[in-house]
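**Student:** Residue numbers (this note's numbering), protein chains in the order written: chain L, 1 to 351; chain G, 1 to 604.
Please keep in mind that the hints were generated in silico from the structure rather than gathered at the bench. There could be a bad hint or two in this list.
[What the hints assert, rightly or not] One-sided and incomplete, this derived list gives chain G residues near chain L with beta-carbon spacing under 7 angstroms:
| hint | residue |
| --- | --- |
| 1 | F210 |
| 2 | T211 |
| 3 | R261 |
| 4 | A272 |
| 5 | V277 |
| 6 | D582 |
Glycine residues also receive a C-beta, built at the ideal position from the N, C-alpha and C atoms.
Residue strings, one per chain:
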Amino acid sequence: MTFIAKPRLHHPTLHTNKVGYTRRDYEGRISTLCAGCGHDSISAAIIQACWELDIEPHRVAKLSGIGCSSKTPDYFLGASHGFNTVHGRMPSVLTGANMANRELLYLGISGDGDSASIGLGQFANAMRRGVRMAYIVENNGVYGLTKGQFSATADRGSKSKKGVINSDSPVDLVGIALQLGATYVARSFSGDKAQLVPLIKGAMAHGGAAFIDVISPCVTFNNHGGSTKSYDYVRQHNEAVSRIDFITPGCEITTHYAPGEVVDVEQHDGSVLRLRKLHADYDPTDRYAAMGYMQQHQERGEVVTGLLYVDPLATDLHTAMNTCAVPLNTLNASQLNPGSQALEKINATLR
Amino acid sequence: MKRIEAINDFVIKFANVNGSGSASANELFAKAVMRMGVPVSPRNIFPSNIQGMPTWYEARVCEKGYHGRRGGVDMMVAMNPQTWDADIAEIESGGYLFYDSTRPMPANKFRDDVHTMGVPLTEIANNAYTDPRQRQLFKNIIYVGALSVLLDVDAEVFEKLFAEQFKGKERLLESNIKALHMGRDYVKQHMQAPLGIRVQRADNVGDQIFTDGNSAAGLGLVYGGATVAAWYPITPSTSIPEAFQKYCEKFRIDPATGQHRFAIVQAEDELASIGMVVGAGWNGARAFTATSGPGVSLMTEFIGLAYFAEIPVTIINVQRGGPSTGMPTRTQQSDLLSCAYASHGDTKHVLLFPQDPHECFTHSAAALDLAERLQTPIFVMTDLDIGMNQRLCKPFVWDDAKEYDRGKVMTAEELEAGKPFGRYRDVDGDGIPWRTLPGTHPSKGAFFTRGTTRNPQAMYSEAGPDYIYNMERLLRKFKTAANLVPQPVFRNAAEPTRLGIIYYGSTTPAMREALDVLDRNGDHVDAMRLCAFPFPQSVSDFIAAHDKVFVVEQNRDAQMRSMLINELEVNPAKLVRVLHYDGTPITARFIIRNIHDSVQKELV
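Taking the hints into account, I'd like the entire structure generated from these sequences.
**Tutor:** What follows is the structure in structure tokens.
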């Protein structure tokens, strides 16, 4: 929804990554969101993560639903194909796209209205199926484009800008993702880039359904006192379970930590998620413990962030379906069509 | 007493209880008659239920090969006490009643003008078998055996059918043949056979195949190159994805690796199934969903997106009785308007109208080509009558030299060579723009797909001229579609006439018979079978060449007639409604009666 073209000036000192791109090559159009919107920080984190991961931009397909968050794919990865679908239905479109070509990386961008209200069913079922994707919800608890109504992730008792108190229980997308079988589940805060960038990198390198719930304050409609999705509230209540470093496959690990202080989780592609534990007893590979931990801390009003659960060797829907290694969209008639002789045999059985 | 006498021309109806295994026995009977060279067109009449409710199998034996439902019943095989009274009442005077006489029935349960044959089926089965399931299943074979003698069908054709069906399962083969002969022997010993209605060897089946539209559509989608299927179960479409899966497992598994060249997802609802098809189509795979009216209602938002963002989508709609849940196990052609103009705003969609299983195969394969050529949703508008009933039809054919039409997809080489790309620009004058697939080129050809308005370069734009350019181009594309879709089929009356008749889809077999009779009776009408929407010029020409045109269809509101009026600006007074919509398939008798009366009126 942009009217202004972004100048394509490249500073000569910009670094290129291993595939020859500068950080600018991962940018998109100029954002039309409000100044200070958490979503723009998430876009910046995505740009940073993709650049650091040495992904060629055109090998990513970015899909979204409808809403402020869903507009953002226009603001990063300008050389990627994007698809702004219909409200709450991005997961199904992404699933179909993924079925068609298993070789691309799929980035699903959604919001709390898009995934927890109108699209709860599709969100839940995409997690169940284990579609390989990085699914990011930019969660501000409020509808921005229609000016400030509560969404389904708004906490009970939180106050709208107009002073209305929300009486409904919130939908906890992290809890649902954990329960329904997502194999990489994280929560972060748009104001914590140091945490968010490695989480996105880990998600994009993950072998199955990766979900990140990013609390992303709405500066216009949900950043006041009484809101539980404001910058101030999240900063005060943020409980990170760990600090995470993402180490690409083959990289030499130079920093040393005392035993017990870090956990290295190696994913299917050889990448390593190095977790510096902030809570000594937290085990991010134990799904059930993660669910209990989340609920206990949520009860206290804390916003637990970090990598909450990962199955490092997760597989995806293609593995379950045993689809061929070549993308389905590249198969031609000779690979798909059984031919006239086979048809004649079928005819013979129908007489 | 009058006795219906007819060779190779009668209707036999089996009244059964569903879940009793009667379906395969009844199909066996139909196949045996066809092996005698006599065409049969059977229809399943069933409620929305799994076990214990009444179900019927109505088979029309017709040497002339008319596959439409005839109406009337010459012989009833009354196997269901629940529906006895209604079943008996349905028999034509002078017709025949066959029933299980194990338990005596009071005399007032029979009709004086109907010939009655009781065979103690339960008793025979119970004496021969101890296992309850065997008793039930073989009772069905016993009645088929009894009928074969009454109707003069050779034992050898059954034996041959059994031999094919139970190849390598000798015990089953033997026990089925034994049961068949139990029935045959009983009738030979106790009754006069054959009856006044009977089967005589003929040669009118030829190389035709006997299959149902849904299996044929599933196979057509395999041949047409669909690789992604997403669906949600709904009667009467469910057997399409099931057939697709069955044929994929047969033909699309790599023998070396065991890997699949297809992906089938049973979605959580119809919104998700169409969403997946949209995603796969956007990403360059041939994808389809199969559904029925209620599913289309749920899909309409996505259908609008696919129309406006121009994404190839194939939807097989096996129509059933509407509105709402309506008559889920009955047939209608009542989704024309909801599909042709599905979704909000100005939208129009391509519809194809197959007439039988053969065309379910060809149209489903063609739909995949058209969807990619036109970059838009294509509906294959079949219905329960075609989809869930087996029908004799032309054998399937495929030209091995044929390549799939992938439409206007710009390649990395073309982009690299500097070919200009504007996603929504009409460069060829046919309204169809060029597209690129995700991941094609590192720096050229990427664009943002959206349901909002855009300029020809796919940039967001609410500027009036950009919007108009796009909407006019979509109309131009729709005009192009009219010449790419299957064209109408014409049949002129024996004599020149001012009257015309238009029909489509599952009405065709009844219409073929009706037109023969009308011609013989001197009620001359020229006929046009519509095979698709949008309408090409020949449709306007046909209507213009006649003073009055009957439009025969199976819905209440004359939906095709509305579309003709709406799209071609035909004077409504010129188009006469002939409507059959009680959920049963239309009959030639119904059409003849309606047209005859009107023709006489018109000619006066």
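**Student:** Tell me, which hint numbers fail for this structure?
**Tutor:** 6
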